[in-house]
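Each protein sequence line maps, in turn, to chains A and B. According to the numbering used here, the first sequence holds residues 1 to 202 in order. According to the numbering used here, the second sequence holds residues 1 to 359 in order.
Hints in this document: simulated from the structure, not taken from any laboratory. Please note that a few of the clues may not be correct.
[Claimed, not checked] Between beta-carbon pairs, the in silico distance windows are:
#, chain 1, residue 1, chain 2, residue 2, range
1, A, P192, B, G212, 31 to 41 Å
2, A, R174, B, S218, 17 to 27 Å
3, B, A348, A, P193, 25 to 35 Å
4, A, G105, B, A180, 53 to 63 Å
5, A, P192, B, D229, 46 to 56 Å
6, B, R239, A, E132, 27 to 37 Å
7, B, A348, A, D155, 30 to 40 Å
8, A, N71, B, S296, 24 to 34 Å
9, B, S110, A, L31, 21 to 31 Å
10, A, D155, B, I164, 48 to 58 Å
11, A, G119, B, G212, 26 to 36 Å
12, A, G119, B, A45, 19 to 29 Å
13, A, G119, B, G38, 54 to 64 Å
14, B, S41, A, P44, 36 to 46 Å
[Claimed, not checked] Just a sample of chain B residues kept apart from chain A, beta carbon distances all over 12 Å, derived:
#, residue
15, E60
16, C101
17, A307
Please read these numbers as outputs of a predicted model, since none were measured by experiment. We treat Cβ as the ideally placed atom computed from N, Cα and C, and that holds for glycine.
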Amino acid sequence: MPPETVLAFDTSAAHCAAALLLPDGQVVQRLEPMEKGQAERLMPLLEELLAEAGLGWRDLTRIAVGTGPGNFTGVRISVAAARGLALGLGIPALGITRLEALAYGLPRPLLVAEDARRGEAYAQGFDLQGFETACLSPISDLPPASHVTGSAFADALPPALPLAEAMARLAADRAPGPRPAPFYLRSADAAPPADPPPVILP
Amino acid sequence: MQSLTFLGIESSCDDTAAAIVRQRDGAAPEILASVVEGQTSLHAAFGGVVPEIAARAHAERIDLCIEQAMTQAGIGFAGLDAIAVTAGPGLIGGVLSGVMCAKGLAAATSLPLIGVNHLAGHALTPRLTDQVAYPYVMLLVSGGHCQFLRVDGPEAFTRLGGSIDDAPGEAFDKVAKVLALPQPGGPAVQAEAAKGDAKRIPLPRPLLDRPGYDLSFSGLKTAVLRARDGLMAGLGGLRRQDRADLCAAFQRAVADVLTEKSRRALTDHPVGTFAVAGGVAANTEIRARLQALCDSLGIRFLAPPLALCTDNAAMIAWAGIEQFRQRGADDLTLSARPRWPLDQTSPALLGSGKKGAKA
Chain A
1 MPPETVLAFD TSAAHCAAAL LLPDGQVVQR LEPMEKGQAE RLMPLLEELL AEAGLGWRDL
61 TRIAVGTGPG NFTGVRISVA AARGLALGLG IPALGITRLE ALAYGLPRPL LVAEDARRGE
121 AYAQGFDLQG FETACLSPIS DLPPASHVTG SAFADALPPA LPLAEAMARL AADRAPGPRP
181 APFYLRSADA APPADPPPVI LP
Chain B
1 MQSLTFLGIE SSCDDTAAAI VRQRDGAAPE ILASVVEGQT SLHAAFGGVV PEIAARAHAE
61 RIDLCIEQAM TQAGIGFAGL DAIAVTAGPG LIGGVLSGVM CAKGLAAATS LPLIGVNHLA
121 GHALTPRLTD QVAYPYVMLL VSGGHCQFLR VDGPEAFTRL GGSIDDAPGE AFDKVAKVLA
181 LPQPGGPAVQ AEAAKGDAKR IPLPRPLLDR PGYDLSFSGL KTAVLRARDG LMAGLGGLRR
241 QDRADLCAAF QRAVADVLTE KSRRALTDHP VGTFAVAGGV AANTEIRARL QALCDSLGIR
301 FLAPPLALCT DNAAMIAWAG IEQFRQRGAD DLTLSARPRW PLDQTSPALL GSGKKGAKA
């Protein structure tokens with residue numbers, strides 16, 4: 001497989017994170033914490049990163065994008081941008097979940113659990129039997145594991161790599177699949193109407 | 001004048017749309033492709049558009065709609081001059097998805113990006129379909145909006161008046177819901193109304209007794225609910241004929257109010273053309289009444305084809321072309337705006353305080 005030039009970015013939490021993985025394995029990256037304004041900041045930040053490496057959009061061979069779980073709107077900001085970039089550049093975009101990225105480079109068996117509020121966590125085990133599929137789980141139901149990481153734990157292992165860099169490296173080694181889609185894990189908060197329609201009489 | 005070919009992207013409510021519009025030097029614009037993917041079935045169980053569900057659908061469909069439009073038009077990105085995208089007002093999750101996809105495309109292709117106000121798209125449609133000359137008066141009447149606009153240029157809009165609460169399209173949907181009719185409510189209520197007596201059940205004509213062009217539909221909605229409850233009392237249900245009569249009365253009330261307010265707006269602002277846009281403009285009684293009004297005033301009445309009356313991306317591409325000629329492009333910091341009044345000077349009808357006027 002020829003070395004890839006991967007631009008990875010993530011806005012699934014209160015930040016704009018981006019990393020540019022070069023064919024020689026070097027990485028340039030940025031992490032800008034921000035509560036809001038990711039939609040305005042993301043593209044200029046990516047252009048700054050490319051300029052820092054002396055590259056243009058056309059030099060990229062792959063896009064990697066953080067698909068969550070995380071802030072719904074934040075996830076969509078990056079996923080929509082990634083799909084637009086991939087379409088315009090004619091290169092693949094790969095979706096990388098936050099859980100996969102957090103697990104990158106850490107010892108196994110590993111349990112990743114990110115605080116999802118309401119006493120729940122977005123969780124996924126790696127080489128952890130019976131818990132390999134990402135899910136939304138009550139924190140009290142999480143299985144024991146030799147190694148744990150993520151914001152749901154007080155004694156979490158620190159990540160091996162910054163989030164966006166882990167996403168770039170994962171995407172470089174993975175075969176492109178379907179277009180990236182948000183990985184919500186939590187369904188949309190919508191309830192059917194409370195007042196039922198009347199019975200219709202002849 | 002330079003020949004321009006624009007991609008338009010629209011995702012501000014529950015339709016994901018992409019279109020290609022071209023205007024050759026001096027000629028009438030051509031719609032090379034227009035793709036609209038609706039979400040009615042996704043929201044059907046909830047009795048209205050659920051913003052999060054809409055946003056989820058847009059985020060995974062916009063690029064597909066764009067590809068489809070470009071294939072239909074038979075052009076590649078090299079054949080485009082710019083990308084126009086709805087940047088508000090609307091449901092922010094959907095608007096953001098469209099804006100970000102457009103930014104990704106613009107960065108990748110080096111094409112200029114222009115953010116378009118969704119309402120400007122509707123308001124400039126008469127120029128896309130019929131090359132209507134400025135100035136003209138527009139009634140924008142849909143599920144989310146209701147306003148009279150005087151249009152003097154690609155970015156010169158004066159809001160003459162509008163709804164101070166709900167939009168009529170929303171009222172049609174709510175009425176359908178409380179009468180056990182399917183969504184979207186407009187066609188369902190119209191079909192029932194055809195079988196009913198519009199004069200049997202009295203309903204209010206809100207704000208008709210006040211001067212000016214402002215409208216209100218919230219109280220009318222409640223009046224339908226009260227009338228329904230009255231008709232159902234002691235029966236345990238609603239009789240089919242009562243439902244038809246209620247639909248007819250409601251539709252007549254909406255038509256009466258829209259027609260009278262239109263008459264006032266057109267009398268005070270004499271122009272050559274009165275145009276409508278929005279899904280409610282598809283209602284045959286309302287359309288016939290407005291046509292008759294224009295005939296009596298000697299004004300041209302223009303209702304664009306339904307596909308260009310309801311949400312679509314051709315109107316966004318076209319508004320993009322008109323506005324680009326006037327003000328050029330935006331940059332990649334373009335914001336998606338849930339609230340974005342077309343007319344920045346007239347006092348707000350809806351919304352206020354820190355967040356500002358809605359539309």
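Problem - Violations among the numbered hints, reported as their numbers in ascending order - result: 2, 5, 6, 7, 8, 11, 13, 15 and 16
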